[in-house]
Amino acid sequence: MDFTAFPLAVTLGLFAVCAVVIGTIGTWLTGVVDRLADRTGLGEAIAGSVMLGAVTSLAGIMVSISAAARDQPGLAMSNALGGIAVQTAFLALADITYRRANLEHAAPSIGNLMQSALLICLLSLLLIGAWTPPFTLYGIHPVTPLLLGGYLYGLVKVRGAQNDPMWRPKKTFETFEDVPAEDDGKRSLTSLWIRFLLLAAVLGLTGLVLERVASALTQQTGLSATAVGALLTAVATSLPELVTSIAAVRRGALTLAISGIIGGNAFDTLFAATSDIAYRKGSIYHAMPDSILLWTAITLLMTGILLMGLIRRERHNWGGIGFESVIVLVLYGLGAALTLVRP
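The opening residue of the sequence shown carries number 1 in full-length UniProt numbering; numbering runs sequentially from there.
No wet-lab data here; the hints were simulated from the structure.
Errors might be hidden in some of the hints.
Here are the in silico distance ranges between beta carbons for each label pair [unchecked claim]:
1) F323 to P7: 40 to 50 Å
2) G304 to L338: 16 to 26 Å
3) Q219 to N163: 47 to 57 Å
4) P289 to A16: 25 to 35 Å
5) W131 to M308: 23 to 33 Å
6) P134 to F323: 40 to 50 Å
7) Y153 to F323: 25 to 35 Å
8) W131 to K157: 52 to 62 Å
9) L127 to S188: 45 to 55 Å
10) L338 to S191: 41 to 51 Å
11) S188 to A5: 20 to 30 Å
Note that CB positions come from ideal geometry on N, CA and C, so glycine has one too.
Use the sequences and the hints to build the structure in full.
See the structure below:
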């Protein structure tokens with residue numbers, strides 16, 4: 001459906017409806033994934049990255065794939081990179097909601113450290129793709145299979161590091177360990193999986209609608225595709241990460257809260273890979289505007305700072321929020337300002 005013929009107020013209303021649906025589904029997914037993590041024995045770090053992180057990203061990946069297929073590389077890539085940035089900022093907001101200690105201190109996990117390093121490697125591959133020759137094979141740039149393979153290889157290493165860690169974080173009074181919660185057993189494992197898949201399907205369909213709405217907003221408002229992707233669709237499709245991380249903190253699933261964001265960010269780099277496959281006019285890394293490189297640099301810097309915070313594990317700081325979280329929020333604000341000033 002073409003939404004460009006609709007009045008701007010109607011288009012904005014549809015955008016808001018999509019955002020509400022995505023945020024609501026994300027809330028429900030948190031409890032389902034937390035139970036599946038305990039019932040399947042995966043643990044919160046792996047369940048957060050693979051299940052929660054990937055599924056809550058479905059709306060976003062549908063936006064990027066649809067935009068790339070419809071010859072809008074700027075929207076596709078800014079949605080991907082902007083989503084990683086805003087989700088990292090959401091983790092700082094989740095830190096504010098946990099008052100006992102800084103979230104980085106309370107939920108130590110070798111898996112989260114490994115996933116942060118994996119994210120930095122995958123983001124670096126995106127930069128390499130933009131600066132290599134625009135060679136493609138069947139319309140796919142060589143960096144795309146490297147992103148896909150690197151992500152899968154990284155997950156194997158993350159799981160291995162968790163199962164056989166070479167070091168363990170120091171336990172303190174504020175440390176919250178990842179232990180299985182008591183399950184009332186009212187829902188069978190099969191019913192949990194069915195509910196998980198149905199919620200995932202709704203997220204994916206909502207993402208398709210959201211891409212068409214975002215394209216209409218680009219034309220109706222005069223904003224650049226980068227601004228719409230990085231500041232509107234990225235925020236809307238990332239609402240599940242905000243909702244689920246805060247809900248996980250309130251449920252006491254602190255490791256799940258962090259891994260859902262970091263793992264989701266690593267998965268979101270695959271938006272670029274799938275967008276390159278969907279884009280049929282060559283390499284999407286060379287078709288995207290230079291402003292996308294700003295968000296790549298911002299997300300690399302934010303992830304590096306977050307990784308330092310996870311290693312440092314400061315207990316308390318300004319008003320209960322970690323120093324690293326403050327810097328992350330400032331960096332996101334800087335990226336948003338630069339995008340609006342120099343779209």
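Going down the list of hints, with the structure as the test:
Judged by the Cβ atoms, the range 40 to 50 Å given for F323 and P7 holds: they are separated by roughly 46 Å. For the hinted restraint 16 to 26 Å between G304 and L338, the CB-CB distance of approximately 19 Å keeps it satisfied. Separation of Q219 from N163 is about 51 Å and conforms to the stated range, judged on CB atoms against 47 to 57 Å. Taking the beta carbon of each, P289 and A16 are about 27 Å apart, inside 25 to 35 Å as hinted.
The hint said 23 to 33 Å for the Cβ distance between W131 and M308, and at roughly 26 Å that hint holds. Checking the proposed 40 to 50 Å range against P134 and F323 shows it holds: the Cβ atoms sit about 41 Å from each other. Taking the beta carbon of each, Y153 and F323 are about 33 Å apart, inside 25 to 35 Å as hinted. For W131 and K157, the hinted distance range of 52 to 62 Å is not satisfied, since their beta carbons lie about 26 Å from each other.
Between L127 and S188 the CB atoms are about 46 Å apart, so this pair conforms to the stated range of 45 to 55 Å. For L338 paired with S191, a C-beta distance near 47 Å keeps the hint of 41 to 51 Å intact. Distance hint for S188 and A5: a CB-CB separation of about 47 Å, inconsistent with the stated range 20 to 30 Å.
Going down the numbered hints, you'll see the structure goes against 8, 11, while the others check out.
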